[in-house]
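*Asks:* Protein chains in written order, with our numbering: chain Z, 1 to 527; chain E, 1 to 527.
Treat the hints loosely; a few may be bogus.
To be verified - For lysine to aspartate or glutamate, the following EDC-like pairs were computed, each having C-alpha atoms within a straight-line distance of at most 16 Å: (1) E/5 to E/52; (2) E/256 to Z/391; (3) Z/114 to E/521; (4) Z/381 to Z/404.
Treat the hints as calculated values from the structure; they're not laboratory data.
Values in this document were obtained by computation on a predicted structure and should not be read as measured data.
There are 2 protein chains.
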Amino acid sequence: MITGKNYIGNSRSANGNTTYKTFNPKTNTENETVFTEATSEEIQEAVNLASEAFKTFSTISGAKKATFLNAIADEILELDDALIQTYVSESGLPEGRAKGERGRTIGQLRTFAKLIEEGSWVDARIDPAQPNREPNPRVDLRKMLVPIGPIVVFGASNFPLAFSTAGGDTASALASGCPVIVKSHPMHAGTGELVAGAIVKAAQKTGMPNGVFSNLNSSGIEVGQELVKHPNVKGVGFTGSIRGGRALLDLAAKRKEPIPVFAEMGSVNPVVLLPKALETKATTWAKTYASSITLGTGQFCTNPGLILGIKSEHLNTFIHTLAEEIVQIQPQCMLHPNIHSAYHKNKTQAQDQQNVKTVAAINTVVAENYATQAVASVDGKTFLENSTLHEEVFGPFSLIVKCENEAELEEILANLEGQLTGTVISEQNEVATHANIVKALSNRVGRIIFNGVPTGVEVVPAMLHGGPYPASTDSRFTAVGRDAIKRWVRPFSYQDWPNELLPDELKNENPLQILRLVNDEETKAAL
Amino acid sequence: MITGKNYIGNSRSANGNTTYKTFNPKTNTENETVFTEATSEEIQEAVNLASEAFKTFSTISGAKKATFLNAIADEILELDDALIQTYVSESGLPEGRAKGERGRTIGQLRTFAKLIEEGSWVDARIDPAQPNREPNPRVDLRKMLVPIGPIVVFGASNFPLAFSTAGGDTASALASGCPVIVKSHPMHAGTGELVAGAIVKAAQKTGMPNGVFSNLNSSGIEVGQELVKHPNVKGVGFTGSIRGGRALLDLAAKRKEPIPVFAEMGSVNPVVLLPKALETKATTWAKTYASSITLGTGQFCTNPGLILGIKSEHLNTFIHTLAEEIVQIQPQCMLHPNIHSAYHKNKTQAQDQQNVKTVAAINTVVAENYATQAVASVDGKTFLENSTLHEEVFGPFSLIVKCENEAELEEILANLEGQLTGTVISEQNEVATHANIVKALSNRVGRIIFNGVPTGVEVVPAMLHGGPYPASTDSRFTAVGRDAIKRWVRPFSYQDWPNELLPDELKNENPLQILRLVNDEETKAAL
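Chain Z with its partners taken away, still in its complex shape (with noise of 0.2 Å):
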């Protein structure tokens, strides 16, 4: 049952006065619920049994870690048809998509928990001592990584499960050993507290602290900007907003200990169109681009809202197909009016520009809330003048920029801002003539995508979601796969500590049977 309060740990509370509601964008009314905001007794609540919670949780096993993180997807799988009718109700995204986003949450949930239980992750390194050597003898040194502490994961607008409550930041930071405290997003609360209470109800079943999870919610900026400001806060993981994102960021900078941010913020992804894949493909790459761009309303950060290509009679081939294509695909509801509204006035925005032609546009009434998809051109100069149009328009909409030449294409790649994919359409043998293309746009993207779509973000260990800010604060790092447990981790020595007093994963016997570098070499022998 959704009650509309914060979990403070395992026990619900709502003291605030400051309440609000969810919205169905497709019935365009409000859901019922009403929800009350943390108040900052209850922040620092949170904060204080996160603190008290990491003490134990950041030294239990991995294998039991790996229980609670199992539990966790048991628990949501449990919550059956009410998670996915919240979730539907909360979004306006169809039954299909919240089913397929619970599966990427179970199964990310269930993949950290297999890193852990394995174990090798920690990175292990083991340089034992040499008491023989001259001029001195050598000390004995193990290092592995460590949790950081309490962090805080913002709930993402556009994955109400996958990159929200649960979602991976939440996974990563919790298998990691970390606690987490959760700043549901105002959008869907409901999903949220569902979510929030399964999580909870797995901590209860196998064992961990009190604290390790709270999940709290808010209208607003405030309650995000007290957690980030927390010196008890070791990180923050966030998807949104340039805007929103580079906030928190600063304000974690300007803390006295500051903090690492992970956001994941604002892509075009752009796309290059190669001549001669033009020349045989136009009419193909122009379908696919047009389901690319409206999938999911357009509401994912790998949209592909910028196409590139030079001028030619196939480069207007392809737009005049795309245009074609793309009203012929039915509108589709977007998440909430607000978002609605910054897609209209930012799509608006970018078609008003000087030079910039609109060349494809649903022009007929849609339902409230519903986003008319649409496609403009610009030249190569305009572009690169303007930084207008450098910037996202969150929803189904493209820009394509007619180059003049590949010297322009390329400037106009090397100034782009940084991106999380960059895509080049390519005959099979033509992509090696075009060397300073693909090194301009890899400079400046975290993933190149040969003959395809940035649409679609596979869970695996070689993902890499994320590349150079403003995609996301920190390009080192990715927020999908199995690395992203690296977030919220340092590495920590050991030096001639008591065998039986290290972490199972340091000791002499290797009793986790972890892979390690001893003396230089990987291996899982003992020592």
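Chain Z is fixed; fit chain E onto it per the hints.
*Replies:* Relative to the frame of chain Z, chain E by itself:
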């Protein structure tokens, strides 16, 4: 020959008007060479060259970069006595230390050469396509670490070789594929120029692009600030004071595109004396610590500046013996008059705090720039309440805190700022019964030591040289050991990229025979 000029890439240049000389603290006289500070134009030129060099240097093979690093080591050895004598004349440190530090510097360069020649450090991960997966086929994803761009390295006053021009920061950045611009330390500009010349020679001999390395003179903070603010600079390495490091961190955080700053800053390196160890070995440990406190005139970031014990007659014995021993040690010369005067100011400030008792001090007259070591003591309550006493006194000084009981000791540890190291002095079985003390200490440090001294930082994979803020600005990375390379890289993913165009590290056939994570399994096998 030392010319006093900057190296802007491979060219010597001295267009500025600001000049300065280095100082021999032992003879208390200026050295001869006049150094010319880099101008804004020279800074700009160095960064431009570095950005250009990055385009090729970032893709040069590990094997080729290794020949560059090994050539730097060779060229440094070629400098022979000229380097040692310049080092000595600019630091007041003895010849033996100069040679030892040269050995460490050479060792670091060769270690990184070996690491990149082997190649597995790039953390390659491969998840092959699954074209038949339902409901959607899975794409092919491959990920590895790539360099982030031009890096600025600040020379450190206390390590003219190992943490300066060709020190650990430079060696690891070059190894990763990042060009380096060194902001030379004004106290040892001649040593810096000699080593810079060796690097430039090595770059030319091994065919590295011009601009892969520059060395800029500076007497104040402006050159460094300009470098850190430059949009084409992508990372910063620094070893020095908290004030200096924090200023750079703040500057980098305010950039349009924030960049990582790895500043290794202050630390008092707390040492906990457990009761039983004091009972049996107070005298032995006191002697050991008299040496550790005065080693290198206390000018190490791992100098034990804080010793904590619970009040007892044995603690008194320790203090008494330490006092007796430390005054027997011959006072030594400090690096520079500025460092000497800061030491005496900070030492006196600590000694003058309420309830602080000086227990050992040298009262005889010593030569100019020589440090008189001292030890003081204070009660736990005073220490807890007076944050001035938590500050590092850079030099041969240590403060002993006499705690009322174990609870007070634990409270003090929990309230310490972040530290590079923490040490526990214990009887073999004693530490197991003080888990709370160990836990509180571990939470504040990067490396924990059993029955030893914090001075001495082994260059091995298991070393963590860093720690929670303000020991370093980013506790997730180390400044010493092979993992230091991870500061200058970001992961990068290829999706469905043609095999023949992938970097060797990610090709199906695994031509470099490196260890890779393929389908979640570590293997050197080809696909």
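*Asks:* Quickly compare the C-alpha distance for residue 381 of chain Z and residue 404 of chain Z to 16 Å and report which way the hint goes.
*Replies:* Holds. Residue 381 of chain Z to residue 404 of chain Z sits at ~8 Å (cutoff 16 Å).
*Asks:* Given the proposed pairing of residue 256 of chain E with residue 391 of chain Z, does the C-alpha separation stay at or below 16 Å?
*Replies:* holds (15 Å)
*Asks:* Check whether the Cα positions of residue 114 of chain Z and residue 521 of chain E lie no farther apart than 16 Å.
*Replies:* Given that 16 Å is the threshold and the Cα spacing comes to 13 Å, the pair holds.
*Asks:* Given the hinted pair residue 5 of chain E and residue 52 of chain E, is their alpha-carbon gap at most 16 Å?
*Replies:* The given pair, whose Cα atoms are some 22 Å apart, is violated under the 16 Å limit.
When held up to the earlier numbered hints, the structure conflicts with hint 1 and nothing else.
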